[in-house]
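Colleague: Here the protein sequences line up with chains P and V, keeping their order. Going by the working numbering, the letters in the first sequence line up with residues 1 to 185, in that order. Going by the working numbering, the letters in the second sequence line up with residues 1 to 225, in that order.
If you are wondering where the hints come from, they were derived from the structure by calculation, not from laboratory data. Please read all numbers here as calculations on a predicted model, not as lab measurements. C-beta atoms are modelled at their ideal positions from N, C-alpha and C, and glycine is treated no differently. Treat the hints with care, since some could be wrong.
[Unchecked claim] Computed footprint of chain P on chain V; a stretch qualifies when at least three of its residues, placed anywhere within it, have a C-beta under 8 Å from a C-beta of chain P:
#1 33-46
#2 49-57
#3 122-133
[Unchecked claim] Short, incomplete list of chain V residues facing chain P, as computed with Cβ under 10 Å:
#4 Glu-5
#5 Gln-7
#6 Leu-10
#7 Gln-11
#8 Leu-14
#9 Asp-15
#10 Gly-17
#11 Arg-73
#12 Arg-78
#13 Lys-152
Each chain, letter by letter, is given below.
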Amino acid sequence: MSADDATLVRRCLREDSAAIESLVERFQGDVLGVCLRLMHHRHDAEDICQEVFLRVFRSLKRWDPTRPLKPWIMSIAFNRCKTWLGQRSRRPEPVDYLHETAASPVREEATELASEIQTALKAMRLEYRTVFVLFHEQGLPYDDIAAAVGKPVGTVKTWLHRARHEMLAALTKRGMVPEVDHELS
Amino acid sequence: MNCRECQDWLQSCLDDGRIDVRADVRPHLPACEPCRRDLAAARVLLDGLASAPRTNSSKWLQASITAAVAAERVKRRRNSTYGWVGTLLLTAAVLALFFIGTFPASVNKPKTNAVAKIPEAAKAKEANVELAQRAEDAQKAVARLTRSVTEKTKSRLNVFLPKPRSLDVELPFFAGFEEPLDPAAKSLKAAGLTMAHALDPVAHTTMQAFDFFAREAPAFDFAKN
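Chain P extracted, bound-state conformation:
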């Protein structure tokens, strides 16, 4: 647990506007990133991101100060995405015209590879996708991911293993992996 987190939360509970802004600023990028990866729709992701923070501030009193704050916020984000996806499956998927505009300019190959990774992610089960994003993009350890998704660490490891396996297979299938040779660097 970070002492900064506890202090920040205490200030937020005292309705300190600066602390609220600080908390939003600190976690907004991570929450939005997870939502984008899980939803693959920028407008939905932004809506969910806002909803996540509203829920965070509503239930901040229930946060256990002995545990890290980020996994707790990520668990709210994961649950909101899960609920949202369940609702979205019952209605037509909207077209996201602004999806591509969010990315900063990068190399063409990197953009293509990133796009392939996102395509592979989109094809995964939500649970696999979540643990993959939380581990590889958010850098959360297994314990925190387990706390975020509400599953045992063993389950998280299994999901991540399967997610990687699907990802490697997808990248290979899509021709993103160069021909292998015997050279091992």
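Put chain V on the given structure of chain P with help from the hints.
Modeller: Frame of chain P, contents of chain V only:
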């Protein structure tokens, strides 16, 4: 090393985020194309993840979130205030109903009496005055009637009373029998005087009796008896 051990090693490399081919893995890879392919794909994946554009925090979104949080905070505070005021009003209403229901006499009656006391007293006073007036009028009427009856009785007695006396004078042959007649005349005179002072019903009855006597007396023929 077998494929399973190689895959476990590859997973640990992905956990670490970097791939350093260990010495014990090297002999396995040249002979196993799937493991070699997964190793190459893992390198591509790590490159892709490392070069993937980070999701930048949007100032616009941050402002939107902060505004939404502030708006909800204001709304919650307002609801809390309204809830408190509502609870207070509800409690006051319940208490008021309780006291009204429990102590209707202590709450309602004094106010009603206090308000109605003056008109009722005035009304009672007026009623008493009216009643007293009516009683006085009745008393006067009774007195007038009594006087009237008395006067009529006296007048009738004046007509009637001389007859016994006249008997004494005009009928000398009753002298020997005067004693039995005197008590009757005295009784009739006393009754007449008493009835003259009696109340109306008695006077009326007496009048009827006198009327009877007055009507029948002329027909009474003492000479024949």
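Colleague: Could you work out which earlier hints the structure fails to respect and list their numbers in ascending sequence?
Modeller: Of the numbered hints, 3, 4, 12 and 13 do not hold.
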